[in-house]
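Colleague: So you can see what is in the structure, the chains are spelled out below.
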Amino acid sequence: SQQGEEDPQALSIQEGENATMNCSYKTSINNLQWYRQNSGRGLVHLILIRSNEREKHSGRLRVTLDTSKKSSSLLITASRAADTASYFCAKYGRLYNQGGKLIFGQGTELSVKP
Amino acid sequence: DAGVIQSPRHEVTEMGQEVTLRCKPISGHDYLFWYRQTMMRGLELLIYFNNNVPIDDSGMPEDRFSAKMPNASFSTLKIQPSEPRDSAVYFCASSFTGGPVSAPGELFFGEGSRLTVL
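Protein sequences appear in the order of chains A and B.
Residue 77 in the working numbering sits at position 68 of the first sequence, and the numbers go up by one each step.
Residue 118 in the working numbering sits at position 28 of the second sequence, and the numbers go up by one each step.
One or more hints might be untrue.
For lysine-lysine, the following DSSO-like pairs were computed, each having C-alpha atoms within a straight-line distance of at most 27 Å [to be verified]:
#, chain 1, residue 1, chain 2, residue 2
1, B, Lys114, B, Lys168
2, B, Lys158, B, Lys114
3, A, Lys65, A, Lys110
4, B, Lys158, B, Lys168
5, A, Lys122, A, Lys79
6, B, Lys158, A, Lys78
7, A, Lys122, B, Lys114
8, A, Lys122, A, Lys78
9, A, Lys110, B, Lys158
Negatives, chain A to chain B, calculated, CB over 10 Å [unchecked claim]:
#, residue
10, Ile22
11, Asn40
12, His54
13, Glu62
14, Ser82
15, Leu84
16, Thr86
17, Lys122
These aren't lab readings, by the way, just hints derived from the structure by calculation.
Keep in mind it's a predicted model, so treat the numbers as computed, not measured.
Glycine is no exception: its CB is placed at the ideal position from the N, C-alpha and C atoms.
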């Protein structure tokens, strides 16, 4: 399978709460990216974290990367109804033969209730 | 820039027919990717190109699928003959690295082509 492991598969929270999504992977990575997909739309890039970085912020988003545990987390603080979407992590392989292969996880479906 | 442009947005066809999906990447981007998204299998990478050259087509499900990139501004994904199990949303994405083959960054996705094969 090309998919990695993400959890939870679905998350339902109230507006104002924080949402945390996790992503795990098996092989070494060059970078890990998070994307968002609104229903019926294409994916939109949120943030990229490189293998030598541990944490990155962008507005209300915080991404962490733990290469020893081969995992990453996306935290959305003070969530809004407009944050309702599916969130995907995408892993970029480091092996020489992985080239430009960006592999997406199964995604977390986030629902933020007003 | 207009972003990645895909056509058609929706296609309904009958089993056995040929389907051609089109993609115009963002000007100047050197990577182009074709993904397929279904509820059951999620997002699958079908094939990707670097500087118009196919690099990895190991995700192409069968010989019925073929992809071309005749120039830097156009790519096609063709299914011939189509089958009901090919029904999915097909996404094209492009990226710019300007560097080594092993380092693409952010992908820019089109809005997708929703294919229904009856």
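Colleague: Now, for every hint given, state plainly whether the structure supports it.
Modeller: Quick rundown of the hints versus the structure:
no.	hint	in the structure
1	B:Lys114 x B:Lys168	15 Å, holds
2	B:Lys158 x B:Lys114	12 Å, holds
3	A:Lys65 x A:Lys110	23 Å, holds
4	B:Lys158 x B:Lys168	8 Å, holds
5	A:Lys122 x A:Lys79	31 Å, violated
6	B:Lys158 x A:Lys78	39 Å, violated
7	A:Lys122 x B:Lys114	37 Å, violated
8	A:Lys122 x A:Lys78	32 Å, violated
9	A:Lys110 x B:Lys158	18 Å, holds
10	Ile22	23 Å, holds
11	Asn40	8 Å, violated
12	His54	4 Å, violated
13	Glu62	14 Å, holds
14	Ser82	20 Å, holds
15	Leu84	20 Å, holds
16	Thr86	22 Å, holds
17	Lys122	23 Å, holds
Going through the hint list in order, the structure does not satisfy hints 5, 6, 7, 8, 11, 12.
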